[in-house]
Structure formats: C-alpha cells, structure tokens
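Got chain V; can you put chain U on it based on the hints?
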Amino acid sequence: MKARSADKLATAIIWAGALIVIAVLASIIGYILFNGGKSISWDFLTKPAQVIHSGGGIGPQIFNSFYLLALSMLITIPVGLLGGIYLAEYARPSKLTGGLRLCIETLNSLPSIVIGLFGLLVFVNMTGWGYTLMSGALALTVINLPLIVRYTEEALQSVPASLREASLALGASHWQTIVKVVLPGAFPGLVSGFIITSGRVFGEAAALLFTAGMSSPALDFSQWNIFNSSSPLNPFRPAETLAVHIWKVNTEGLIPDLRRVADGSAAVLILIVLGFNLLARWLGHRIYRHMTAT
Amino acid sequence: MKITSDTTGRVLSTGAALVTILLTLAIIVFIATKGLSTFIINGVPVKDFLFSTNWFPDRPLEEGGPQVGVLAFMLGSIIVSLLAVLVSAPLSVACAVFIREIAPFWGQRVLQPAIEILAGIPSVVYGYIGLSLLVPFIREHLGGLGFSVLAGFLVLSVMILPTIVSMSVDSLRALPQEWKEAAYALGSTRWQTIRIVLLPAARSGIITGVVLGLARAFGEALAVQMVIGNTRKIPGSILDPVITLTSAITMDMGNTPMGSLWSNSLWSMGLLLLFISCLFILVVRFVVQRSEMSQ
Numbered sequence: 001m002k003a004r005s006a007d008k009l010a011t012a013i014i015w016a017g018a019l020i021v022i023a024v025l026a027s028i029i030g031y032i033l034f035n036g037g038k039s040i041s042w043d044f045l046t047k048p049a050q051v052i053h054s055g056g057g058i059g060p061q062i063f064n065s066f067y068l069l070a071l072s073m074l075i076t077i078p079v080g081l082l083g084g085i086y087l088a089e090y091a092r093p094s095k096l097t098g099g100l101r102l103c104i105e106t107l108n109s110l111p112s113i114v115i116g117l118f119g120l121l122v123f124v125n126m127t128g129w130g131y132t133l134m135s136g137a138l139a140l141t142v143i144n145l146p147l148i149v150r151y152t153e154e155a156l157q158s159v160p161a162s163l164r165e166a167s168l169a170l171g172a173s174h175w176q177t178i179v180k181v182v183l184p185g186a187f188p189g190l191v192s193g194f195i196i197t198s199g200r201v202f203g204e205a206a207a208l209l210f211t212a213g214m215s216s217p218a219l220d221f222s223q224w225n226i227f228n229s230s231s232p233l234n235p236f237r238p239a240e241t242l243a244v245h246i247w248k249v250n251t252e253g254l255i256p257d258l259r260r261v262a263d264g265s266a267a268v269l270i271l272i273v274l275g276f277n278l279l280a281r282w283l284g285h286r287i288y289r290h291m292t293a294t
Numbered sequence: 001m002k003i004t005s006d007t008t009g010r011v012l013s014t015g016a017a018l019v020t021i022l023l024t025l026a027i028i029v030f031i032a033t034k035g036l037s038t039f040i041i042n043g044v045p046v047k048d049f050l051f052s053t054n055w056f057p058d059r060p061l062e063e064g065g066p067q068v069g070v071l072a073f074m075l076g077s078i079i080v081s082l083l084a085v086l087v088s089a090p091l092s093v094a095c096a097v098f099i100r101e102i103a104p105f106w107g108q109r110v111l112q113p114a115i116e117i118l119a120g121i122p123s124v125v126y127g128y129i130g131l132s133l134l135v136p137f138i139r140e141h142l143g144g145l146g147f148s149v150l151a152g153f154l155v156l157s158v159m160i161l162p163t164i165v166s167m168s169v170d171s172l173r174a175l176p177q178e179w180k181e182a183a184y185a186l187g188s189t190r191w192q193t194i195r196i197v198l199l200p201a202a203r204s205g206i207i208t209g210v211v212l213g214l215a216r217a218f219g220e221a222l223a224v225q226m227v228i229g230n231t232r233k234i235p236g237s238i239l240d241p242v243i244t245l246t247s248a249i250t251m252d253m254g255n256t257p258m259g260s261l262w263s264n265s266l267w268s269m270g271l272l273l274l275f276i277s278c279l280f281i282l283v284v285r286f287v288v289q290r291s292e293m294s295q
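Chain order of the listed sequences is V and U. Following this note's numbering, the numbering of the first sequence begins with 1 at its first residue and continues without gaps. Following this note's numbering, the numbering of the second sequence begins with 1 at its first residue and continues without gaps.
Please keep in mind that the hints were generated in silico from the structure rather than gathered at the bench. The model shown is predicted, which means the values in this text are computed figures rather than measured ones. Each hint should be verified, as a subset may be incorrect.
Just a sample of chain U residues kept apart from chain V, beta carbon distances all over 10 Å, derived [what the hints assert, rightly or not]:
id, residue
1, I41
2, S52
3, N54
4, P57
5, E63
6, E140
7, A185
8, L198
9, M226
10, Q289
11, S294
Which bits of chain V does chain U cover? Going by a derived footprint, with three or more residues having C-beta under 8 Å, they are [what the hints assert, rightly or not]:
id, stretch
12, 176-183
13, 244-251
Here are the in silico distance ranges between beta carbons for each label pair [said to hold, decoys possible]:
id, chain 1, residue 1, chain 2, residue 2, range
14, V, T46, U, M293, 34 to 44 Å
15, V, F236, U, L18, 23 to 33 Å
16, U, Q289, V, P256, 53 to 63 Å
17, V, T46, U, S237, 27 to 37 Å
18, U, L50, V, N125, 37 to 47 Å
19, U, E62, V, G275, 56 to 66 Å
20, V, S158, U, Q177, 14 to 24 Å
21, U, L18, V, N125, 17 to 27 Å
Glycine included, C-beta positions come from ideal geometry on N, C-alpha and C.
This is chain V alone, in the form it adopts within the complex (with noise of 0.2 Å):
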C-alpha cells in the first residue's frame, strides 16, 4: 500500500511540475503579447527609434536585424553545408574528424559574449572597420556555424543509403552523388535547419554589443547605392539589431515612453523569432511532400 500512495504522490508532483513550465510559458507570452499588442502599430513598425522625445519606432532595428541576418546567412551557409557534407559523407575516424567534432563543440557552448569579444578583437579593431554589419554579421557567422555544420550532417544521414548505392552503381562518382541525390534528398531538413538556426540567431544581442555597435545612424530608404554611408544596404555602417534595441531601451533608455518602446519592440521579437520556427516546420513539411508526392 506504501508504495502505491508513494507512486500517486509522485504522480501527483510530476504533473504539478509539467503545469508550473506550461503556466510560465502561458504567463511570459501573454505578459508580452498582451502588453505589446497594445504598442504594435504601422508607425511603431516603421518609425526610427528617437533618443530623448517620445514616439519612436522601430523601423530601422528591424530592417538591420534582417539585413544581419542575411549577411551573416551567406557566409555561414556555403562553408557550413560544406562542413556537414564532410562529416557526414568523407569523414572517416580520425584525428580531423575528432578534433573537428570537438571544435563545433566547443564553438557550440561558448559564451556569446566571449564571440562579441572576439568579434571586437578581430572585425572591428584588427580589420579597422570599427561597428559595422559586416563585423556583427562575422559574429554571428560564428554562433551560426556549429548549427548549421550540424543540422546539415542530420540531415545528410537521414537520406537512405539505397539512393546513394544506386547512385553509385550506375555509375556516378560520390560527388555527383551527394550533388544530384544526397542534397535534393536532404533538402527539407536541410531548409528547416537554416531557418531553425536563422530563429535562434535574430534574437541574438551579447555578441552584437560590441560588433554591430548600438547606434542605428538615420537611414535614407531611398538611397539604394551600397557605398553611401546613410544607404540601408551599406555593410560597413553601424547596426543597431532588434534585440541590441531591447537590451539597450531597458538598460539605458532616456526616452519617457520607455516601457511603451520595450514591450512593443519585445512583442515584435517573439512574434518574428515564433513566425521562423512556424515558417520551419511548416516549409520542410510541404517541401517534403512535394518531393515525396504524398
């Protein structure tokens, strides 16, 4: 009988504690979607952020956040696809396979704040460019990779190994193998790993700080020639990121609308980083039925 009521009890706190994490959860989206609901709207979206008057917006934070983003993206994918087709189709055991796996390791678990400090070191003092995107989008390109080396190799293993025998006997060398079957194979895990790990990435601050700089200078949206220093496009201009904007708002904001600017530019984040998980699982399922033609 002792342990039967031992076992309810147990029960009984095992459920309590699975209703504490939803109701955080449920408490932390409501709290920002309710207060930030209220801020949302065209202008706030649009709007550059002010520094003392009340009634900024948030335009050019998000713009740079998705600009970061895509910079960053076009350096980390090609070396980080290349990087999983290794692991995942030449590497054999050895002493470059191990010490690359304890490398993405290692890159995987350090500190943002350490990479910003790298970043600092490297892009912004050696390089002389000072804050600038390109400088924050070579941080990120460092938090990225692990990921991507890794979603690439899953997803390069899940492809059967039937299509890359077949492949080979008719005669195709290994890379035209991984080229016109392993790659087309892996693409649905493949997409939903980039914007998986894009997700995780936009919300990044610590290692922006000091990379990206938190200054936003005014931007000309008509001024499309990239060399010119108030052109949106200009990579090698200050960028003040979405999630640097938040930090900064909180910790150091002058403006009276303060709280107003905080929970719409959070509201904003969550919304955004909650649309890319959707926008994963949904886009590597419908990529996956295409091809499977179910």
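Coordinates of chain U only, in the frame set by chain V:
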C-alpha cells in the same frame, strides 16, 4: 592530371572543415593573448586576480594604485548559475518523465511544443520579462531593491530548462522498452519503475543536460545583467544585488580604452569564461565516455 569535380568537391568540403577548426583555434589564441596581458604586461599576479575582491581598476597611484581582483564577479557567476541549475534540474527531469512516462499524450502535444517555444525565446526577452515582471514583484512582496540574486537565477532557470529537458527526454527515449516491461512484470509501480530503473539508466544523458544547462547559465550575459543590479560586492542574501563575470564585461567593455589595465582585466575575465566553458565540455565528454564504457 585532370582535376575532376570529385576532387574539387572533396577539397572544398575538407577546406570547410579546416576553416571551422582554424576559427576555433583563432578564437582561443586571440582571447588568450589578450586575456593574458593583464598578467604579462600589467604584471598583476594571477593569485591576486583570481582570489581578491579588491576591484579598483582606475584608482590613482597616490591612493594605492589600481587593483583588479575578480573574486566577487566569479562568486556571483557561480552562485547565480548553480542556484539556477538547482531550481531547473528537478523541474526539467519531472518534465522529461512527464513527456515520456506519465502522460505521453499531453506531453507530446502540449508540454514538448511549449518547451520548444521556451527554447526559442531570445535571452534579451527573458531579461526584459525579468526586469518588468519579476523585479517589481520581488521589490513589493519580498523586499530589497528587486534587482537580486533571486531574480537572476529564476530568469536563468527558465532559460536553461529546455536544454536539460531535451537531453533528458532523448536519453529516456533511448532506453530499451524491455527494461520497463521487466520492472512492471516484477510488480513495480510506475514510480518505482521510474525511480529504480529508468532514471538511473538515463543518468548520463541527464547529467550531460544539467552540465550543458549550467554552462549556458554561466555564460549568459544580457538576461542576467538586466536583473541582478550589478553591485560589486559578494551578496549576503538572495535578495541582495550581485554582479557576474559576463555582466561586468557587458557593462564596462564599451567604456574602457583598449590597452588600459581595466580593459585588459575585462579580457582576462573573457578568457576565464572561455576556460570554464572548455572545462564544461571536458566534463560532458567524460560523462559520455564513462557511460559508453560501462555499456
């Protein structure tokens, strides 16, 4: 010799692998070089740096000269992250058991997606929630300023929960079904099966998750910096403000001139963080290796 696309492909992917390795080595070398300059160029003894709480990085010579002891920062980091793990680990294991054993239906449809959403929330948003919900709550109901050790470790404990849960769920899933069946056949209750058979068998995965969670808590900068008050003192209670290695770097790195003792000692703190995160990886490797050997 004709260069085929096959060779090109092999060379490119090996190249990418080498780039990854070089990048990791570059990070270690650059941070180490910069971080060691406190000891080499400024001549601060390592012992004074690690075991002193005297932090006067810009004190003029006539008042005794600058001193850079980071013990208070280090203890702050250790206290906040250990307490976070203490709260998060039991809760995470309960969630993992819930998902795998107690209620797989609700677990997989509600709890697991909820934990995935928690994993996706950016750390600044955790900091913002802590700042605007938790800090005022502590100030009004428990006293103190609200900016406290308590706020810091509560925020962190939610942040690291997904890491520990997902590792624990994976390792519970990997157990052979027969073990559970055997335990039930011998007349165990569900809780006895979980406590005596499943949890001990999944131990190495759970420990790995806890260590990874600890590493994440230790290295988190902004979420912590926003809620702990950042007072350079060893806290006397969990309602006192505290400072950590990461929050000190976050606050001061932008305001100190490169090459000064103050800036150098911030780099040394970065090196310390790097060193500790490598240590965590070694612990994880050790745990995994031992469990592989025992199987």
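- [ ] Hey, is S294 of chain U genuinely clear of chain V, shortest beta carbon separation above 10 Å?
- [x] holds, 21 Å
Task: Distance restraint evaluation - S158 of chain V, Q177 of chain U, Cβ atoms, bounds 14 to 24 Å - done: holds, 23 Å
Task: Distance restraint hint 34 to 44 Å, applied to the beta-carbon atoms of T46 of chain V and M293 of chain U - done: For M293 of chain U against T46 of chain V, whose Cβ atoms are near 59 Å apart, the range 34 to 44 Å is violated.
Task: Status of the given 23 to 33 Å range, CB of L18 of chain U versus CB of F236 of chain V - done: holds, 28 Å
Open item on the list: A cut-off of 10 Å on Cβ-Cβ distance, and N54 of chain U was said to be off the interface with chain V. Does that hold?
Closed with: holds, 24 Å
Open item on the list: So E63 of chain U supposedly isn't at the interface. Is its beta-carbon more than 10 Å from every beta-carbon in chain V?
Closed with: Answer for E63 of chain U: holds, closest chain V Cβ roughly 29 Å.
Task: 56 to 66 Å as the expected CB spacing between G275 of chain V and E62 of chain U, which holds or is violated - done: Holds: the Cβ-Cβ distance is about 59 Å, inside 56 to 66 Å.
Open item on the list: Just want to verify: P57 of chain U was marked as not at the interface with chain V; is every Cβ pair farther apart than 10 Å?
Closed with: holds, 17 Å
TODO: With 10 Å as the threshold, tell me whether M226 of chain U passes as away from chain V on beta-carbon distances.
DONE: Not fine: 6 Å to the nearest Cβ puts M226 of chain U too close to chain V.
Task: Closest CB of chain V to the CB of Q289 of chain U still more than 10 Å away - done: Its Cβ never comes within 10 Å of chain V, the nearest being 13 Å, so this holds.
- [ ] Evaluate the given range 27 to 37 Å for the C-beta pair formed by T46 of chain V and S237 of chain U.
- [x] violated, 47 Å
TODO: May I ask you to check that L198 of chain U keeps its beta-carbon over 10 Å from the closest beta-carbon of chain V?
DONE: Consistent with the label, L198 of chain U stays out of reach of chain V, its closest Cβ about 12 Å off (over 10 Å).
The structure fails hints 9, 14, 17 and 18 (numbered hints given earlier, in ascending order).
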